[in-house]
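Chemist: Residues per chain are reported as follows:
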Amino acid sequence: MSAPAPTVAELAQRYGLELRGAGAARIDGVAALHDAGPAQLSFLANPQYRARLRETRAAAVVLRDADAAGCPVPALVSRNPYADFARIAALYESRPAAPAGVHASAVLAPDAVVEAGASIGPLCVVGARSRIAAGAEIGPGCVIGHDCVVGAHSRLVARVTLVARVVLGQRVLVHPGAVLGADGFGLAMDAGHWLKVPQLGGVQVGDDCEIGANTTIDRGALGDTVLEEDVRLDNQVQIGHNCRIGAHTAMAGCVGVAGSTTIGKYCLVAGAAGISGHLTICDKVTISAMTMVIRNITEPGEYSSGLPMQDNRSWKRNIARFRHLDEIVRKLLPRQRDPDHDE
Amino acid sequence: MSAPAPTVAELAQRYGLELRGAGAARIDGVAALHDAGPAQLSFLANPQYRARLRETRAAAVVLRDADAAGCPVPALVSRNPYADFARIAALYESRPAAPAGVHASAVLAPDAVVEAGASIGPLCVVGARSRIAAGAEIGPGCVIGHDCVVGAHSRLVARVTLVARVVLGQRVLVHPGAVLGADGFGLAMDAGHWLKVPQLGGVQVGDDCEIGANTTIDRGALGDTVLEEDVRLDNQVQIGHNCRIGAHTAMAGCVGVAGSTTIGKYCLVAGAAGISGHLTICDKVTISAMTMVIRNITEPGEYSSGLPMQDNRSWKRNIARFRHLDEIVRKLLPRQRDPDHDE
Amino acid sequence: MSAPAPTVAELAQRYGLELRGAGAARIDGVAALHDAGPAQLSFLANPQYRARLRETRAAAVVLRDADAAGCPVPALVSRNPYADFARIAALYESRPAAPAGVHASAVLAPDAVVEAGASIGPLCVVGARSRIAAGAEIGPGCVIGHDCVVGAHSRLVARVTLVARVVLGQRVLVHPGAVLGADGFGLAMDAGHWLKVPQLGGVQVGDDCEIGANTTIDRGALGDTVLEEDVRLDNQVQIGHNCRIGAHTAMAGCVGVAGSTTIGKYCLVAGAAGISGHLTICDKVTISAMTMVIRNITEPGEYSSGLPMQDNRSWKRNIARFRHLDEIVRKLLPRQRDPDHDE
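Chains as they are written, first to last, in our numbering: chain R, 303 to 645; chain S, 303 to 645; chain B, 303 to 645.
It is possible that part of the hints are untrue.
Since the list gives no way to pick out one identical chain from another, each pair is judged satisfied if it fits inside one copy or across any two copies.
[Unchecked claim] Each computed DSBU-like pair below joins lysine-lysine, with the alpha-carbon atoms no more than 35 angstroms apart:
hint: 1; residue 1: K567; residue 2: K498
hint: 2; residue 1: K567; residue 2: K586
hint: 3; residue 1: K618; residue 2: K498
hint: 4; residue 1: K618; residue 2: K567
hint: 5; residue 1: K633; residue 2: K618
hint: 6; residue 1: K498; residue 2: K633
No lab work stands behind these hints: they were computed from the structure.
With the rest of the complex left out, here is chain R (with noise of 0.2 angstroms):
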């Protein structure tokens, strides 16, 4: 931003926002409620933060019809504050520019292609048959293998790994030890020993998508493992190989899927949860934190299990009677059968 720091009042224009209260302030970052000073602005979208409104010094805020009447500063109404304030915020976002061509220090296969545009960072390797399209930044430290596409802008952070047969559509954002391709996990025991099964598909992950840190992506066994356009997975996420990711579907830190699982459009999986292989979730399910998934979700809603904390001596009384619950209801109930248990 090299021209002068945009006013409340011209925000609010070019975003399509209501102002209510007076716009000449300029703007020159965004911040936290708590946090942001007078030539800063803010945006209250979580209701758990309300409160913060009222002692907030911001020079504006990004809110809803609902909350303006609360707000102490000009209030910039929105239908969707906080998709509004992340557009406006994205004018603040500032990093060195990635210069176009060839790191001195980068190693690349003779026949990878590099398309005009694209920034090859320092010490990346690039391997037989890949290509970079237009635009594309990868970034330094990055390992691409063999027969993979990176997309057009599509950007590498730093240090991922693209192992083999990995295909980037565009837009796509990989944040730093992200790995795609690697191996499934496929072993038929033999004789005693494993014997490994060769993976040999590839990972195609659609345009817009994101891959968190140190998310792992495993290349398909035959055919491919995919991601559709949008998805969004966040850091130490697992998808193993084959499965499929429906567009628009986004999944917390640390969730595991196994393999050959299909996973519908919309769907929103929370931090740590685990899904089985072999199943099908359909679209627009929620899927909770640490929830266990091990069979087919054919209806659209949300799903939970596990148990939440307790003091510790309350826990250790239940778990111990939880580890006689049926015997207790067979006493207790002694003519109910259990409707699940033969299933």
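Position chains S and B against the provided structure of chain R, taking the given hints into account.
Modeler: Using the frame of chain R, we list chains S and B on its own:
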């Protein structure tokens, strides 16, 4: 495969399988039942996919005798279809050969030893007194610290770290992002601050082990952390210091094993299970997904814990009751002593 | 240690320990009770290993007064044997010294600052405006982005990534594969697509922190993610954006903490526990392994959840009952209102 592709009959003969049907078709690849075309071999091992057999267009299918009658195309009958398919599929694996020798961009300590026929890829580092045996392949971006050994025909795919005193046997395969030999988590509280306990041991990995992407195996505090032969670890597994994992044991993704635990031979640990420290697990134990293991296991068999998913409303009602389970049982069965409570 | 190895008596004097027995043996290393030979020092801190004391062949053992009577070899009596052993063991730690200066293969931004006495290893990258303080050691293959600081005498072991705006204090130790400062998981749903919320903050890491292999700590969305001094994180821990972790808190492997959660000082979080976002945990809280924390904790103490393992048949019976627990209790205690249900 520059020779002409083998026929179904040739594969039957080479791998000792019984051919039922015509054997003349040439097989130039392998694919899943629903994807395979008329020059591809497929297989049926998991009964869940039996329905797909009827519609396959594969050239031939490797399957069990019991499934052969339902096969619409030539069948290769096997007692272990997954294993026999794996052997055949290996014919169709191809990747650019790693050239023997040390890439010009690699950085080697003066006293590192690279045996004839080993390959050190671009942008690798090999530290003091480490040795890379004949036929071993160190892929791009690996860092090998001091006093390590990579055994003959082992392969570090890319961007693997062996920190210090890590000794790999023969034919070990390590996937990208794995870290072997980092310090174990040893801390002593001392006058209100943590004091780091020096981690002086190493890691020993037996022949034929496979270690998944972003998996971590800590060095021992005093002795070594040990994987016996043919141990198979999937991605994002964590093995604490001084663990010993028995031969032929396999662990799926996201399993965590805390320090100083000993696990037997031929165990199977499913995804995201957690095993506490200082335990002993006997041979031939199967632990199901997301199970919490906090006691020794002395009998072979299958062990489980965790709650499978329910719809969110039912779950909320049930966990609310669980919070008071001991009280409820005391009220209903006032004279029954809890057998586990006082242990 | 080029000087002659110290005797038991010399160690007793230097570390203020009471010697019981002969002090003449020279100690040239440290080992576990069952491994130690006649020139090695061992220790007994965990009562679980008391039986091993009787059979030790160590030169001497560091232990508590109460255990000294059962020690068959000279004893060094300590009130905190683990800590005193740790101090002595540090004498026997050896690794090749990292030479001061910048390795020829490293790639530094023109405005990166490397203070005198710092060491930048091979194949590292240091970005714009970043500063590596005196005595800091950047091991091989690290990538440091823009606007980072590595404080005096901190060490990045190898292949660590600091993405952007990461500030490490003094004597911080970061293990391989760790990623600090990657974008937090900030997304707004907007007209059926995800809109990325810019992640503009940084990460602050206090003095004496230790960060495990493949652990990830996201940069703040607006403000910073903060680790206060002496925080200890094991491997594969995930810390979401805008978290604050109090001084002297330790977390074992595979713990996940979602965004915007504040954890107090002197907390202990055992392996694979999960802590939801936007929570506050007070000081001196212990959370046991695999516990699910979804509410604030306002009282010091120990908290737990999860079900310990059973044999698979018992578990199946019990979870089948759990699925109907609320119904069962309603039937048995029809007049008892569920106290938690409506909260």
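Chemist: For each hint, tell me whether it holds in the structure or not.
Modeler: To see whether the hints hold, each was checked on the structure:
{"no.": "1", "hint": "K567 / K498", "result": "both (33 angstroms within a copy, 18 angstroms between copies)"}
{"no.": "2", "hint": "K567 / K586", "result": "within (6 angstroms within a copy, 39 angstroms between copies)"}
{"no.": "3", "hint": "K618 / K498", "result": "between (42 angstroms within a copy, 32 angstroms between copies)"}
{"no.": "4", "hint": "K618 / K567", "result": "between (40 angstroms within a copy, 25 angstroms between copies)"}
{"no.": "5", "hint": "K633 / K618", "result": "both (22 angstroms within a copy, 18 angstroms between copies)"}
{"no.": "6", "hint": "K498 / K633", "result": "neither (49 angstroms within a copy, 53 angstroms between copies)"}
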